[in-house]
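**Student:** Protein chains in written order, with the working numbering: chain C, 1 to 380; chain U, 381 to 508.
Hints are computed from structural coordinates only; laboratory data are not their basis. Idealized CB from N, CA, C, for every residue including glycine. Worth double-checking, as some hints may not be accurate.
Okay, the calculated bits of chain U under chain C, using three or more residues with CB under 8 Å as the criterion [stated by the list, open to error]: (1) 402-408; (2) 424-432; (3) 466-474; (4) 480-492.
One-sided excerpt, in silico: chain C residues whose CB lies under 7 Å from chain U [what the hints assert, rightly or not]: (5) A127; (6) E131; (7) A134; (8) L136; (9) P137; (10) H154; (11) A191; (12) P194; (13) V195; (14) E197; (15) M242; (16) L250; (17) C296; (18) P298.
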Amino acid sequence: MSLYRSAAIAGVAESRLGIVSDATVLELQAEAAEEALAEAGIEKNEVDGLLCSGRWGRTPQLEVAEYLGINPAYSDGTSVGGASFEFHLGHAAAAIKAGLCEVALILYGSTQRSGKERSLAASQNLALQYESFAGLPNPVGAYALAASRHMAVHGTTRKDLAEVAVAARKWAQLNPKAFKRDPLTIEDVLAAQPVAEPLHRLDCCLVTDGGGAVVVVSPERAKRLAKRPVWLLGHGESHSHMLISQMPDLLSTPARDAGERAFAMAGVARKDIDVLQIYDSFTITVLLTLESVGFCRPGESAAYVSGGRIAPGGEVALNTSGGGLSYCHPGMFGIFLIIEAVRQLRGECGPRQVRKHDTALISGTGGVFCSNATCILAGD
Amino acid sequence: MSDEATQVDAFWWKGVEEERLLFQTCDACDAVNFYPRIRCVKCMSPRLSWRESTKQGTVYACTFIHRAPTADLAGEAPYFVVLADMDDRFRFMARLRKGPQQDISVGSRLTVVFEETKDKKIPCFEAV
Ligand SMILES: [Zn+2]
Numbered sequence: 001m002s003l004y005r006s007a008a009i010a011g012v013a014e015s016r017l018g019i020v021s022d023a024t025v026l027e028l029q030a031e032a033a034e035e036a037l038a039e040a041g042i043e044k045n046e047v048d049g050l051l052c053s054g055r056w057g058r059t060p061q062l063e064v065a066e067y068l069g070i071n072p073a074y075s076d077g078t079s080v081g082g083a084s085f086e087f088h089l090g091h092a093a094a095a096i097k098a099g100l101c102e103v104a105l106i107l108y109g110s111t112q113r114s115g116k117e118r119s120l121a122a123s124q125n126l127a128l129q130y131e132s133f134a135g136l137p138n139p140v141g142a143y144a145l146a147a148s149r150h151m152a153v154h155g156t157t158r159k160d161l162a163e164v165a166v167a168a169r170k171w172a173q174l175n176p177k178a179f180k181r182d183p184l185t186i187e188d189v190l191a192a193q194p195v196a197e198p199l200h201r202l203d204c205c206l207v208t209d210g211g212g213a214v215v216v217v218s219p220e221r222a223k224r225l226a227k228r229p230v231w232l233l234g235h236g237e238s239h240s241h242m243l244i245s246q247m248p249d250l251l252s253t254p255a256r257d258a259g260e261r262a263f264a265m266a267g268v269a270r271k272d273i274d275v276l277q278i279y280d281s282f283t284i285t286v287l288l289t290l291e292s293v294g295f296c297r298p299g300e301s302a303a304y305v306s307g308g309r310i311a312p313g314g315e316v317a318l319n320t321s322g323g324g325l326s327y328c329h330p331g332m333f334g335i336f337l338i339i340e341a342v343r344q345l346r347g348e349c350g351p352r353q354v355r356k357h358d359t360a361l362i363s364g365t366g367g368v369f370c371s372n373a374t375c376i377l378a379g380d
Numbered sequence: 381m382s383d384e385a386t387q388v389d390a391f392w393w394k395g396v397e398e399e400r401l402l403f404q405t406c407d408a409c410d411a412v413n414f415y416p417r418i419r420c421v422k423c424m425s426p427r428l429s430w431r432e433s434t435k436q437g438t439v440y441a442c443t444f445i446h447r448a449p450t451a452d453l454a455g456e457a458p459y460f461v462v463l464a465d466m467d468d469r470f471r472f473m474a475r476l477r478k479g480p481q482q483d484i485s486v487g488s489r490l491t492v493v494f495e496e497t498k499d500k501k502i503p504c505f506e507a508v
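Taking the hints into account, I'd like the entire structure generated from these sequences.
**Tutor:** And the structure:
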């Protein structure tokens, strides 16, 4: 079953972002849901699909639905790390195409920064017992391992990684909602405290609070919206492991299979993509994802991002919000990739608006390169 | 951990106690299984045989940790965590034991040694 143009995004919104010390995860999701539905011109009582994920609870769908007063006919709690929301977008479209629901709400909220969120620890008794004695800090250590491998095989340098962080900051300076907007240089990134070498402090995403919402509707419902819809052209998903020691090849992520599936479904080529939103949990995540999705060949991502190519004014519009590195990163970032892609496709991004904005690719990575879902979107 | 460990897990940890690094091969399809399982990861056969590793391997990737994940390990930091391709065809992750030889990188040769910790004996790497 192809999901090509089977569903449209009708509304997107963030909650308050950054440091939100007076809100719960449910309140943040209520804020985002209200704003996303309002911009779509859809009443809450039309919502018949709910998709959400959060590390704060064992049954987040139940808690969120009860709090918002939603009784979904279709409910999905796929939880595969930060990429969950890209999975949700495909699943929402599939459910809509199958006639299971007509208006699906994808939600996320986290108070990770302010620390009121309880996080459920992984069970030490399962597979983790074969890895945890190594003393690898999760997830940064796993990404550092991948970076070390990329450096050894391809000659990638810390400066190449720093290009990603600096470009993200330059985009963030154009985004009033971004958490970190002060100037950042390659030298700053290189001089930052080491965390898990080769990764240093500024190679790592932010820790913030925040929530987001995405409203997905059927083509029929998309005829009566407050804003022009954004269409799903293609979707693909994949996951390959849970533990980094079980990842088959540290230089080839599930983005390869997910991206292949998304492009096949969308019927567009990589060169047709105007805007890229690529999960940047760490600087290395962007490099490996670019290679795995096929925007460049293995080993060529350093050249791809070099010399400001992915910064504002560069040849590639990538992570135009400032990304998880500079805009926000409340535990999981996937929903914010969708929000920014939709705004770019609608041409709403003001000083950071990309001139040509017909198509966008979103690549969500979860866990330690465990999961990826890739979505290809187009404006109306 | 031992209280709740399954037979498979308990057998592996008993090997560590005896300073043996164990893995499995499948009698049906010859696949190497690590971590150990009750059914083969490749073909689901229950006919898995324990093997003892030569404990020799090569650095596949490594990271130098400055911020340890637990309070117990904080005193050890900074230290290397190594993901190694073992000569026995499985990949294995462990910390590099503190010693005179700390100059490792991708491709370096390693051997597995064992170290007492507060809770239990664990495998570590040592550069060779
Ligand atoms: Zn087998």
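**Student:** Look at each hint and say if it fits the structure.
**Tutor:** Now the hints, each set against the structure:
no. : hint    : result
1   : 402-408 : violated (count 0)
2   : 424-432 : violated (count 0)
3   : 466-474 : holds (count 4)
4   : 480-492 : holds (count 3)
5   : A127    : holds (6 Å)
6   : E131    : holds (5 Å)
7   : A134    : holds (5 Å)
8   : L136    : holds (5 Å)
9   : P137    : holds (4 Å)
10  : H154    : violated (11 Å)
11  : A191    : violated (14 Å)
12  : P194    : holds (5 Å)
13  : V195    : holds (6 Å)
14  : E197    : holds (4 Å)
15  : M242    : violated (11 Å)
16  : L250    : holds (6 Å)
17  : C296    : violated (21 Å)
18  : P298    : violated (15 Å)
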